[in-house]
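**Q** Make the complex out of the two chains shown on their own, each in a separate frame, by following the hints.
So the sequences go chain by chain: A and B.
Quick note on numbering: the first sequence equals residues 341 to 700 in our numbering.
Quick note on numbering: the second sequence equals residues 3 to 372 in our numbering.
Hints are not guaranteed to be accurate.
[Said to hold, decoys possible] Per the computed footprint, the stretches of chain B lying under chain A, defined by three or more beta-carbons under 8 Å from a beta-carbon of chain A, are:
1) 34-47
2) 78-84
3) 157-171
4) 258-266
5) 270-278
6) 340-354
[Stated by the list, open to error] Using 20 Å as the maximum straight-line C-alpha spacing, the simulated EDC-like pairs for lysine to aspartate or glutamate come out as follows:
7) 560(A) / 601(A)
8) 171(B) / 590(A)
9) 560(A) / 517(A)
10) 560(A) / 123(B)
11) 171(B) / 623(A)
12) 555(A) / 606(A)
13) 560(A) / 48(B)
14) 555(A) / 123(B)
15) 171(B) / 601(A)
[Said to hold, decoys possible] Restraint-style ranges between C-beta atoms, simulated for each label pair:
16) 323(B) / 435(A): 54 to 62 Å
17) 255(B) / 607(A): 42 to 50 Å
18) 97(B) / 616(A): 51 to 59 Å
19) 333(B) / 662(A): 52 to 60 Å
20) 184(B) / 607(A): 44 to 52 Å
21) 660(A) / 89(B): 43 to 51 Å
22) 650(A) / 184(B): 29 to 37 Å
In case anyone wonders, no lab produced these hints; they're calculated from the structure.
C-beta atoms are modelled at their ideal positions from N, C-alpha and C, and glycine is treated no differently.
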Amino acid sequence: MSDATKLGLCSVWPGEVIVSTTCTADTLDANTEKTACVFNMPYAVTIAHCGFWYGTRTGTPPTYRISIQGVNSSGNPDGTIKGGGSPASNTFTPPADSTWNTQWKWIQLNNSYSASRGEVLSIVIDYSSGTIDASNFSTMGGVASGLGDDRLSFPNKQFYSGSWAKAAGTPLFAFKDGASPTNVWGGLAESVSAQTYSRAAMKFNIPSTFCSTFKIRGAKLRIGTTAGNTFTFGLWNSGGVIQDVTVDTDQIKGGNTGGAELFFDESSLTTLNAGTDYYIGVEQSGGVASLYTQVYDSDIGQQVRMPWGTNAVFSSYNGSVWSDDVTKVPIVILLFDDITAPTGGSGLMVHPGMVGGMRA
Amino acid sequence: MTTVNLWTIPYNAAYATGTTTTLSGTSAYLDGQNEKEGYIFRVPRDTTITHLGMNFVSYTGTPPTYRISIQGVDASTGNPDGTIKGSGNCYATFTPPADSSWNNTFQWFQLGTSYSATRGELLSIVMDYYSGTINTSNRSQILEYYSGQMDDVNLCPYADNYVPSSWSKRNMTPVFGYKDGSSPTFVGGHPSATRTNGTSLGTNGYRAALKFSLPSWFCSTAKICGLRAVINSEAAGGSSKFGLWSSSGVLQDVTIDTDCLVSPATAHQLVQVFFDEASLSTLSSGTTYYLGIERVAGTTTLYEHRVTTASDLLSNPMGDGWILSTYNGSTWSDTTTTRPYISPIFEDITAPTGSGGLFVHPGMVGGMRA
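So that you can see chain B by itself, here it is in the shape it has in the complex (with noise of 0.2 Å):
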């Protein structure tokens, strides 16, 4: 047993700052010929980068074929060197559709040759005009970042944008992706839909939740004392209910008064709740529980972050496992594109049994030979 002296596995809520009162995306036309957009970041471990990834947000008239390629980053400027990996082969061409199909969606794009990434490796992913009619009235846009988060001023990775004639550097969280296959088992960047979302619960003991499991290298058993998360509550006067279940049902819950927080029944609450029972429930590895808010007398929403393609949630701590699940008074239903802004808050966790060893009874008698 150990006391963790409350550890959190955070996960951002997304609007944090200050006089920022919505989390919002900055877009970027590419309308020109001589027109990019960069993400430069840095490589955690060796990879294989099969695909690239970015958010289309919306087209004007018929788009012309873009690019977009893995190339190395200038190392005096930090902006990307315009050499494409792979003696010029890690690139992949596209064409967006002239209609709303791929609107703020997050496309992937594979590579014609894949590129072999190593470990702290500085790369950029450089989005740029291929062929075709450009110009205002024939062009893409696309989301260079988010603004909002607690990650703001955000010093690496970042978005680069290239208009008319030179790199500009973003300073918020840019929005890019690259991974290593179609199923991939590894998504870097942030390959995210959309960050504003939420799902409201319409009917009385509904409940919108983070189903998780623990991975058995995690810990053997462990011990959920509180959540953070990302709501908005029912109206002043009403109560907002925070509950841990499992399949079986209830494990712990609280119900806080809506009158306790700042603004109830307003978008984007960041609420910090504990639990009130004497005793916490101690949770398994590898066992399936949901952590969220259930619906008490009137509308409530828990936000959350969605992306295009299940898999693209690896890119989040704890991977594709721990996603949205709804409860409509009898089953769990899941939905694999989303992670709602919850952050379970542990009291405790007990290491991972061990593997064996010899214990030698006392009452043994005999020998041991090989």
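In isolation and in its complexed conformation, chain A is listed as follows (with noise of 0.2 Å):
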């Protein structure tokens, strides 16, 4: 047993936990123009699959070229793709239709690349064919803005047009091991949206290798509400509530969208079991209470990256049965009031009635 001091578990990346997201993608308008993000790696892992935030089209895009490079002296890519004779990297030409717009691409490289740990990278696109001008472009990664990373001097996003410019933020681009991923990084939310539901909820659940039970306290989540009105904050399984607590907007600065620390007032809070499907968020009717997510494609990959990978989608109740949608996740950070660790592993205990003996 424990008091979890404090212990907060943030379903989205802390940088990301905010209401908006604008993404700035840059244009490339012109055959020596570049974008790119500078990072170092997570983990060793081999890239299979580049990603970036696609932007814009106008006219007839070219063709476009997107590899992995390493990182010069001055901090920007160095122009050497990976891979020497199997060059990391791929072309692609974007559609002359608005199809790609607002949405994360990911580009399957001609020859993946394994990266060590800790490796400082870049991913960079720059023009491969075709015709380019101010007529036919496209705008690609770029960095969002609005996040709490705002401020994120590494890993940056650069542009290159003459020579290399960083800028702070979140870079928009992304990598990962596989169509099917196992492990993907980088990239972000296409965007951040309310969610209205009669129950609109964060389903999670905790690893029995974490602990065995827990209890949670409360939340911090971002909301939005109108003022005047009530809500439900609450704890559900699939069996109903476990724990909940009505909520006036009024006490929250109705009327607004933020993050609000809400906790239960059940004078005993229900143990919870590891490994087993939880959801909460808000309850309520008239469109009061909305519940933010963050939103991304239907590439599952996208969720792979969050810090709890499939543990943590959004669902919705419409009253009767609960609905996941995993191209969702809620931003929500979990407030524990007690985590026990697991039932025992192995362990030798002498029953003193045992007669007889061991032997191998």
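**A** In structure tokens form, the structure reads like this:
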């Protein structure tokens, strides 16, 4: 047993806990221009795909190239594509329509690259072939603003137009180790949006390797409310309500959107089990309260990058059943009251009444 | 073993919003008899509140006597309801000194009567005038909130200012505190002294770090693959060195060229860095470690959150044992009133070892009897 000392586990990366996201892609309308990100590897992995935010297209975009490169002593991409004669790169041609607009795109590399932990690398998008000018181009990569990581200095995004210029903020690039990845890094939600349902919640599952049982005293979550109303902050399982508290929106600055730190008011909290699905969020009617989520494209690889992986998704309740949406992750920090270790592994308990012996 | 997909225990970076370049505090003068400052919050667990606190910014002339109290919250407005808990007895009075000794410190005041708050209860802490001369020449200035943080536009808790004749709720992170004793087991709110300072390293090889240990209820062992930190690096062309150390020395470290940062030698750069060892060290619960920065060849600064009283750090994740420590080439020295802006990033967490169990050896003979 423990008082979990204000331990909070966040469903999204701390720098992404904010209400709005503005993705500003870089304009590549000249054959010398490039957009890139510079980072260091969180772990050793074979990079098979690179991803980026695609902004918009104008006219008929040319063919671009995406590649993994090193980083020079100026902190810029060094122009040398990893892999030598088997370059870790590929080309792609955005469509001459809006089907790619404001989406994440993954490009499979012609040759994977085995990166080592801590290695400093860059992902670079540049021109490959075709007509490129002010009437035929795409905007891609870039940086996200409006986030907690707006002052992120490293990793960073860079743009080349005669020389490299670095920009603070979350670079809109990513990599993964396969079409159905086990490792995804970088990247970002396409948007942050309000989910308004009878119940809008984060469905979560604490791994049994982390603890045996636990108690939740509350959460910090991103919500929007209207003034002069009430809603319920609740914790549910498939059987129904476990804990809940009624919240008057006038007591949390109703009519605003932001982070609310809410606590349950039961005198005793319910012991929850690891490995079991639970739901935490808001219950309301009339649209008085919404739960904010990050929204991803349908590529589940985006979810793999999240701190909880696939153990946290958005779920809505229509009065009878819960429905999961794996393209959304609510912005929630679970606040633990207690964490109990898993029940024992092996151990030898010698019964005092035991007779006989032990032999190999 | 479990791969936790790179969890972090987040410590909010102080400087985080798009157009805000500095973390800034906003304060209010209480220089009229009707003026008040309130802080509205919910209680996370049953707590007997014995002390209330606020950040005292400055004084003018000879400040009057003020009162700080626990009140309820008006259900229809979300403002303090004006009714002091404990039949009007859960309050304290205090007279700030007519000198600078309190300036920019967090002050605690013991209540005449404690208040037993229950889990989830909505309360307010209110500071208002009590007695003496109060005007613009004789007043106090207190901190309402910080802005420039990740959780700006905070719906709850929030600060609430009553000047001159109505309440006005604030949208940023309020600065207030409550606790359950002089040597508390629980501290609520955000009892900050300052959030903008840093520890600068003036000698090569010196270090500034988060000194921490992992509680036994949290894990048996763990691996840390990286960290998030708010720093000022060496100049361009230099190096930023990040390390994980034990009392015996270095466990993991990585050096990043400062040219890889957006703005080398600039204050309050948020970085996210990963170690480059092929295999990470297995850390044990209960053991002391240090996670932070080391000066290579130029001035390097690690930014931090400071409190007035060491136990105020109980208001932070992982409590008052996670503090700043500095290394002078031979020994570590702790600063118990400071928590650096360091968030460890975990690659692996292994659950605490279990309680006992019966393992029946296949070679056992004989039986069991009560």
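**Q** Kindly indicate which numbered hints from before are broken by the structure, ordering the numbers from low to high.
**A** 9, 11, 20, 22
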